[in-house]
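Construct all of the structure, not just a fragment, from the sequences and the given hints.
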Amino acid sequence: ADKNWKTIVEACETKAVLEGKVTEAVKGGVVVFYNSNRIFVPASQTGVPKDGDLSSIVGTTQQIKIIEIKEDRKRAYGSIRAILREAKKAEQEAFWNEIEEGKIYDGVVKSLMDYGAFVDLGCGVDGMVHTSELSWKRIRRASDAVKVGDQLRVFVKSFDAEKKRISLGYKTEQTNPWYIFTTNFQVGDIAQVKIVSMMPFGAFAEIVDGVDGLIHISQIS
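Heads up, the sequence shown is in the working numbering, so the first residue is 1106 and it goes up one at a time.
Bear in mind the hints are in silico, worked out from the structure with no lab data behind them. Among the clues, some could well be false.
[Claimed, not checked] Calculated cross-link-like contacts (lysine-lysine; reagent style DSBU-like; alpha-carbon spacing at most 35 Å): (1) Lys1170 / Lys1268; (2) Lys1276 / Lys1242; (3) Lys1269 / Lys1215; (4) Lys1194 / Lys1126; (5) Lys1111 / Lys1132; (6) Lys1194 / Lys1111; (7) Lys1170 / Lys1215; (8) Lys1132 / Lys1193; (9) Lys1193 / Lys1108; (10) Lys1175 / Lys1111; (11) Lys1120 / Lys1108; (12) Lys1120 / Lys1193; (13) Lys1155 / Lys1111; (14) Lys1170 / Lys1193.
Here it is, written out as structure tokens:
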């Protein structure tokens, strides 16, 4: 036990990473068992969201850093969050080292503003898709095209690694309604259409989403 305790004290001094099993959730945190020694991890250092269920990590093996030692009471305090934060920082550094214009990412819409949608690209990095890039149709605000939680395949239009800003694109030529129309229809083809508006000289019909055609009054009946 004394030998194992010395290992914990040394880990605190050298900031080494230890690995132990979360054995129980107690008031104010959880207990991690490391080589016959109990290490207390405060709730704020568990990585579990505030007011989250601490029992969700009981039984799991976690890496921790020792953040405080009370030698007289043989008590150690650790942090799981510090490890998670370092791992996240390493992921973000790798992300910024590998990013390039045109690169494609699968992301999730995190928040919306009238002028665009912020997309989570993973590891805590967000990019913004301007409203003009969200739809081939004219829309007034981002919420007209997407909602929070939507998964989008986006590409990098431009970025500033120093300011940590990324401008994303969503529209592609393959999703252009006119491209879809010209790829699937030729003059003389028969199409099932939806009448979307009426005028004295004819009717406008939607052929594919975003492409309307005019049926002149002389061709209606």
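Numbered hints the structure breaks, given as an ascending list: Violated hints: none; all satisfied.
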